[in-house]
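Residue numbers (our numbering), protein chains in the order written: chain A, 1 to 499; chain D, 1001 to 1104.
Bear in mind the hints are in silico, worked out from the structure with no lab data behind them. Don't be surprised by glycine CBs; every beta carbon is placed ideally from N, CA and C. Treat the hints with care, since some could be wrong.
Said to hold, decoys possible - Chain D stretches covered by chain A per the calculated footprint, using a threshold of three residues with CB under 8 Å from any CB of chain A: (1) 1026–1035; (2) 1039–1045; (3) 1064–1070; (4) 1088–1102.
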Amino acid sequence: MSLLEHLPVLAIVVPLAGAAMAFVTGPRRSALECAATSVLTLVPVLLLAARVLDSGPQRYAVGGWGGPLGIVLLADGTAALFLVLIGIVGMAVTVYAAGYFPTPDEEHPGPGHGLFWTLWLFMWASLNALVLTADVFNVYVCLELVGLSAVALVTLTEGAEALRAGMRYLFASILGAMTYLLGVSLLYASTGLLDMEMLSSALKTPSVASSTGLALMIAALLLKTALVPMHFWLPTAHAAAPSPVSAALSALVVKGSFFVVLRLMLDVMPPGHLGGADTLLGVFGAAAIVWGSVQALVQTRLKLLVAYSTVAQVGYLFLVFPLAGAGGAVLSSAFLGTGVHALSHGLAKASMFLAAGVVLKRFGHDRIADLAGVARRAPVLAATFALAGVTMMGLPPSGGFAAKWLIAGASITSGDWWWAAVVVAGGLLAAAYMFRLLATFMASPGDAPEPAAPLRVVRTEWVPLALATASFLLVFAVPVVTQLAEAGSVLARVGGVAP
Amino acid sequence: MNPATLYPLAGAFLFATGVYGLLARKHLLHKVISGNFLGSGVFLVLIGLAGRSSAESPDPVPQAMVLTGIVVTVALTALALALIKRYHTATGLTTFDPVDEEQL
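Work out the full structure, taking the sequences as your base and the hints as a guide.
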């Protein structure tokens, strides 16, 4: 019983301990240990989600020190949803990476690959901490921990391109983190508080300093989430990273900073005091959907196409803010749609990057024009991209369909129909770039000899297929997501989800 | 001008200088040092606020935040310097773009 009360902190401590273990024992045995750690990490997360479903939001004072001085962990429905997403994708990345990276006793071990497990588990722990923390300064620390491990993971291969992309990412990360901290100092100066729940009641009477602080914090988080026009660092960093890392970055890391935006905008800031910021975020989101999709359409490399698709899909997440002001059923529907979109995009995008990694290993390159015949030579990979593509386009029964349906529905109910028009246009553009890719895969391979790949590499293609299938069938999980969303503090405030 | 206004103002100046350096300077070491300017600027703002928030004794919370921030900034700087060294070994460049390299 008492152990169950420690679930929030266990979700952080277990992967952190795994990271330390992986570093001490070295790369040789750590693949198995890492698999064990990922199962051990998933257990407290799932138990925590069950507890939130059962008895509402859970609060945990770390070390027995409560607010305002101590750090409080808050697991509400929204946090539980993101934790489960991190857990599922994290598990898949771990299983896949065990086959992706050469083990030290075979082939030539890539430089630094032995550090993958340590850095990856460290990033997993930091992401869980970022989602669970209810303290705005602790968010800064978690953002830096995620950023540091993410940059190190991008540069694992030590190629010139990866180092360049990693450093751009690092500089963007420093700018974002420091701007966020400047915002925190202004907020603290005007309120004397760091705890989000206490801030929420103190900010019912906002001052110029507190509003400026919050604006700086949110602007910094937009840079970290790579919302257009602050997306410049994302495509190269996500494409240059080793594929398991690309999957984790695109599916999880951008969602982590988005989660904090969601917390600050909907939970911490008083409704009605957003001062046009909500509409501005919606406009940026709409621009991201169009710009990211158009860029994905013209890319000639597979991993860059997938990365620009992330720029586009991140845009949908921000449509909730202009719709939130309407409150009631519109907010419920838009909020639920955002949760489903985070989940379905996380699963589908991770599957696409993992599948792109297998393409790179089996065919030796990721030039889209030269990938004709993939459907015949690697049908599992083609099926993965087709299933993930259904989610990107938003066709039933995928999670992308449910998400777009809910967001567009909220938009039409509120009377601001143009957000729904953006959602529909985004789906059509996604269809254009996914069909262009699939058409190449279906084309005849010609006379080019079929490259041979070790069975260990070929086997990894089942992991992305499993993820893509999960995102394809996600509409059936919407009732559970709805229940989780109802346990969230936002929806508790507006009184439940519309049918 | 008393320290309570001087510190935040100096901090804001340092922060702005850092943002300019990070975006405009091409040499990678300049960018790293600009990143440290950003950090020092924020820390000055925090320290200035710590002295101001209470009449009798300084508030320890912003000081604790500054200490944490310094630790994080040291780690970031170390990682950035290690990456620059590897990048220089791999490419012989000290900027992102070979065109900028010739101008320096």
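Now the hints, each set against the structure:
Under a criterion of three residues with beta carbons nearer than 8 Å to beta carbons of chain A, the stated coverage of the stretch 1026–1035 of chain D is upheld, 3 such residues being counted. For the stretch 1039–1045 of chain D, the proposed coverage by chain A is satisfied: 4 residues have a C-beta within less than 8 Å of a C-beta in that chain, meeting the threshold of three. With a cut-off of 8 Å between beta carbons, the stretch 1064–1070 of chain D has 3 residues touching chain A; three or more are needed, and the interface restraint holds. Residues of the stretch 1088–1102 of chain D with a Cβ under 8 Å from some Cβ of chain A number 3, which satisfies the need for three, so the listed coverage holds.
Consistency note: the structure conflicts with none of the earlier hints.
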